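Enquirer: Next come the chains, spelled out residue by residue.
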Amino acid sequence: MKNKTNFLPKEGEAQPSRCPDNSAFKQQRLPAWKPQLTIASVLSSFFLTGAFCLTVGICLVLSANSVREIQIDYSDKCSDCSKLRENSSNWNKECHCSVNFTLKDGILGDVFMYYGLQNFYQNHRRYVTSRSDAQLLGRSVNIQRSYCAPFGTYRNGTPMAPCGAIANSMFNDTIDLFYNHNSSVIQVPLLRTGNSWWTDKNVKFRNPDSYNLSSAFAGTARPPYWQKPVYLLDEEDERNNGYVNDDFIIWMRVSAFATFRNLYRRVRRVRHFAEGLPAGNYTFHISYNFPVTRFKGRKHVILSTVVWSGGSNPFLGIAYLVSGTAATLTGFVIAGIHFKLRKKKTYFQKQ
Amino acid sequence: FISVEIIRLGNSFYIDWDRKMYYPLNDTPAQARTTTLNEELGQIKYIFSDKTGTLTQNIMCFNKCSINGKSYGDVYDMSGQRIEINENTEKVDFSYNPLADPKFAFYDHSLVEAVKLNDVPTHRFFRLLSLCHTVMPEEKKEGNLVYQAQSPDEGALVTAARNFGFVFRARTPETITVVEMGEIKIYKLLAILDFNNVRKRMSVIVRSPEGDLTLYCKGADTILYELLHPSCNSLKEETTEHLNEFAGEGLRTLVVAYKSLEEDYFQDWIRRHHEASTALEGREDKLSELYEEIEKDLMLLGATAIEDKLQDGVPQTIETLAKANIKIWVLTGDKQETAVNIGYSCNLLNDDMEDVFIIEGSTSDDVLNELRNARKKMKLDSFLDSDEINIQFEKSSKKQIIIPDEQANGVYGLVITGHSLAYALEGNLELELVRTACMCKVVICCRVTPLQKAQVVELVKKYKKAVTLAIGDGANDVSMIKTAHIGVGISGQEGMQAVLSSDFSFAQFRYLQRLLLVHGRWSYIRMCKFLKYFFYKNFAFTLVHFWYGFFSGFSAQTVYDEWFITLYNLVYTSLPVLGMSLFDQDVDDRWSMLFPQLYVPGQQNLYFNKVVFVKCMLQGIYSSLILFFIPYGAMYNTMRSDGKAIADYQSFALMAQTCLLIVVSVQIGLDTSYWTVVNQFFIWGSLSVYFAITFTMYSDGMYLIFTASFPFIGTARNTLSQPNVWLAIFLSITLCVLPVVGFRFLKAQLKPTPSDKVLLKIKEAKKRPPPPSPKRRLRRTSTRRSGYAFSHQHGFGALIMSGRNMRPKSPFATTGTFSPNSDKYKHKGL
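As you go down the protein sequences, you meet chains A and B in turn.
If you use UniProt numbering, the first sequence corresponds to residues 1 to 351, in order.
If you use UniProt numbering, the second sequence corresponds to residues 1 to 830, in order.
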């Protein structure tokens with residue numbers, strides 16, 4: 001006690017050498033925000049989320065309901081063709097079938113045409129990796145070192161272009177839409193480009209450099225399941241041919257699930273179809289090439305409009321409505337429990 | 001799991017850096033010598049403590065006395081109220097006495113007044129203190145006296161006498177030189193009636209320079225009261241009152257008395273004494289007979305009270321630790337009386353206890369019976385055949401058994417001597433000892449060897465599923481420190497061995513409560529939170545793949561981008577959880593010290609066990625379900641707002657991984673209860689880094705350079721611009737987090753754990769102004785009389801009388817040193 005003042009840290013005096021620094025970090029006294037679950041914060045979070053979810057849910061359901069969609073399963077309707085395709089030796093025989101449908105009301109606005117596949121496991125791991133991105137960029141690559149096998153090279157060493165299981169299994173039905181207008185049949189004009197992502201079209205896929213496409217792909221062969229080589233995918237449009245063909249690009253973007261739909265064509269809004277598809281009878285003319293019976297698959301053709309939230313899938317809207325309702329109800333339950341408990345507590349305290 | 005090491009290291013550094021565990025007097029900060037045990041500090045159930053140097057400073061100081069019915073030592077203010085003694089209290093000025101020991105502190109001025117006024121009983125009292133002892137003086141320089149005392153108590157008494165003007169200056173076998181109020185007096189030392197365990201008193205017979213023969217005696221009150229002259233009965237009552245008061249404060253008391261002797265009688269007695277001391281047979285008996293004959297009809301002088309100075313804050317620390325449900329075992333080499341005495345003075349034992357059992361049997365059977373009786377009293381059920389533990393014994397006869405905690409029907413203490421402990425530690429008694437001892441709140445083992453200390457620790461480790469901590473300062477504690485799960489060394493007086501073999505070290509016992517209740521608790525909670533979150537985030541992450549397996553033909557296709565899988569644990573989620581486990585505090589240090597109950601969940605390992613793990617897993621499963629099926633549902637058979645397809649694998653992967661990352665980030669935000677700047681930075685930083693990295697990796701340039709590595713080109717741009725993707729992400733977050741919020745809140749409301757209740761109390765208390773510091777000196781109301789202060793063995797009286805040891809260098813240095821001038825002598829409050 002006598003020397004006490006010597007040991008009190010004086011201001012300005014140097015601390016003893018081993019004394020720890022008095023910093024907020026080292027003394028664990030950093031200023032901090034200490035949120036706690038209070039009744040106010042919990043209830044407000046529940047009610048606010050509930051209200052938000054309900055609002056969004058209603059909007060989503062309304063907009064999803066405003067989508068017009070026509071889905072036609074043509075795997076049965078073209079049963080002759082599908083039987084023909086079961087035997088792969090008939091690969092070069094053509095098979096056509098047509099599917100009729102009637103629109104009671106016209107579909108207004110942009111109309112998109114999709115093909116849908118069911119039970120086609122595009123997300124299988126071996127399948128997903130079976131491609132060569134470098135080849136699709138137009139680079140000359142050693143196919144044998146890519147993951148394309150067994151669809152990499154033929155036995156004689158000719159590389160496939162494009163290689164891999166994805167490319168090989170490309171959807172090759174052609175679907176045309178005809179409008180039966182006053183006993184005359186008008187082909188609905190369809191846009192075959194602009195259906196893929198800009199990045200895919202312009203960055204991810206490029207044809208090899210050469211003065212023309214057929215020479216660019218010289219020394220390669222088409223994949224075994226293809227009917228024509230890659231440089232003949234679209235003979236009319238040079239910029240939609242080869243690797244940068246939209247149908248090809250879209251197919252190469254593999255789906256996440258076994259059931260999926262890919263954008264096939266868009267209705268070109270000219271003449272009769274400036275407002276969309278008018279009411280009336282229509283026919284799909286389908287050149288049936290893609291076999292699905294072997295894997296018990298189904299094929300659809302879909303005509304649909306879109307809204308800001310996408311297509312007609314009502315899932316998000318319903319999910320939002322359900323969670324909004326649940327959150328609000330839980331909010332009420334929590335409030336009820338809390339106030340009941342508090343009443344009990346104050347009751348006990350009074351006694 | 002590198003994170004685990006970083007967290008441990010960080011928390012160890014916090015211990016090193018803590019200024020509240022820094023002892024300025026010898027410039028010692030706390031030190032975490034191992035970094036792997038921090039979280040166990042939050043789970044301690046048993047503390048094994050050394051006494052000397054750990055609980056006490058091993059310094060005695062003369063604190064109070066009662067002279068002729070008047071009590072000295074307390075300080076009163078003008079109105080007669082007793083004032084707490086603290087460092088500001090004015091000390092008695094001993095400057096009139098050039099030989100006074102400057103370190104000695106006394107606060108009651110009236111005693112000096114009495115000395116100065118030549119009050120006869122007061123003078124006689126101090127004369128007695130300066131004469132009746134076996135202390136050896138050493139005066140290397142003129143006026144610089146150093147006393148070598150066999151026990152620190154004696155030294156304290158002689159030093160007190162010295163300061164009040166009765167300076168014991170020198171001794172020869174026949175004489176004692178005393179400077180009495182500046183006047184040199186040489187007393188002839190005629191006999192020393194030495195101390196032993198039975199007598200519990202010692203006397204000297206001296207002849208003053210004036211020629212008076214006097215016997216001075218000091219000893220335990222119970223013994224001396226029997227020997228008093230009937231004429232001092234009234235004085236006896238007053239003194240008894242004072243003694244009770246002293247004892248109540250945990251002081252070690254002695255009664256002093258004197259007797260004037262007749263010349264003739266004494267000559268006769270000394271002759272017989274001489275005969276007896278040279279007798280060949282039964283010398284001891286004859287001598288003690290003689291002693292008893294002369295030590296009677298004593299005149300009571302008063303009583304002394306010596307404080308065995310505890311280290312600062314020891315009683316408070318022990319009280320706090322006891323509230324935290326930590327059982328404290330004191331293992332000491334001291335005698336039973338001393339140990340029990342310290343037990344009372346540092347609040348280990350108190351009068352609120354139902355009973356304090358003393359095990360001192362000297363055969364195996366005695367010990368067994370004593371242990372059984374103790375247990376019978378504490379918990380009668382434990383002898384029934386239906387008792388669970390007994391059943392368990394029968395089932396697993398020879399195997400390792402873990403004894404669950406048993407609840408006694410009250411608060412009990414147990415004192416066991418080293419001798420009995422030796423029996424109790426043998427084979428079949430082990431279990432009995434553990435069961436009985438662990439039911440008691442406090443166990444004191446006295447006269448134990450260093451090996452036994454380790455054995456006791458080993459025993460508890462073996463039969464109890466509990467984390468043990470041993471704390472000690474000396475070489476004799478090393479074995480115990482090494483045996484316990486956690487060893488703590490007091491870096492103090494007794495060298496470095498204990499510190500070197502310890503896991504943690506600091507300078508004062510009182511820092512233990514901060515180490516356990518603050519650092520230990522935080523470390524434990526942080527580690528548990530880390531583990532919980534770690535398992536949660538990985539369950540949520542991994543199980544999504546499991547669900548995806550059902551939709552991808554079980555082809556082991558990953559849901560996420562491979563880069564995301566690589567970076568998820570490494571970059572995106574590592575820093576926020578690290579930030580949480582380095583900075584999180586549910587309550588700050590002040591509150592965790594004020595509410596030691598908050599420590600209890602750690603002991604029972606409530607924050608991370610199998611149940612908690614399963615809960616984490618369930619939460620992870622739930623989250624993974626949401627994290628898979630919401631993106632699935634949102635993408636299934638739908639398209640983007642521009643009509644292009646959205647359900648491609650890459651878009652789905654990006655959406656699912658963004659959902660996951662945001663959900664686990666929100667979850668860590670929910671777990672964090674202490675948001676420092678660093679936490680904010682880490683959480684927001686990680687999210688931004690995720691988006692930055694994602695956009696970079698999915699950019700054109702990266703694809704054109706490393707075509708094979710970054711096939712996700714353009715996915716981020718194309719997908720994250722879609723409103724329904726963000727709506728799906730928001731929905732997943734809501735569905736993952738909101739139920740957790742609700743569940744936690746309702747759980748705290750409906751089934752509050754004890755710590756929830758404490759937290760609620762704290763929350764309420766925070767609204768009020770902060771409570772006053774609880775550092776009030778504990779008033780003990782014990783009426784228990786402390787034992788005879790001389791706890792040493794047979795004294796050195798004979799040796800002194802023989803003169804054989806009268807060399808300048810004292811041989812007592814090996815048995816215990818009391819040197820008031822040494823630097824060790826520090827006063828309370830510094």
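Calculated directly from the structure, the hints in this document are not laboratory data.
Treat the hints with caution; some may be incorrect.
Calculated cross-link-like contacts (lysine-lysine; reagent style BS3-like; alpha-carbon spacing at most 25 Å) [unchecked claim]: (1) LYS286(B) to LYS376(B); (2) LYS763(B) to LYS34(A); (3) LYS751(B) to LYS343(A); (4) LYS761(B) to LYS34(A).
Derived, one-sided and incomplete: chain B residues facing chain A with beta-carbon distance under 8 Å [unchecked claim]: (5) TYR76; (6) GLN557; (7) PHE706.
Since the model is a prediction, treat every value here as computed from it, not as a measurement.
A virtual CB, placed ideally from N, CA and C, is assigned to each residue, including glycine.
Enquirer: None of the hints should be skipped; say for each whether it holds.
Expert: Verification of the hints:
1. LYS286(B) to LYS376(B): 44 Å, violated
2. LYS763(B) to LYS34(A): OK: LYS763(B) and LYS34(A) at ~12 Å, within 25 Å.
3. LYS751(B) to LYS343(A): 17 Å, holds
4. LYS761(B) to LYS34(A): 16 Å, holds
5. TYR76: 20 Å, violated
6. GLN557: 4 Å, holds
7. PHE706: Since chain A brings no Cβ nearer than about 10 Å to PHE706(B), farther than 8 Å, the hint is violated.
Comparing the model with each earlier hint shows violations of hints 1, 5 and 7; every other hint is respected.
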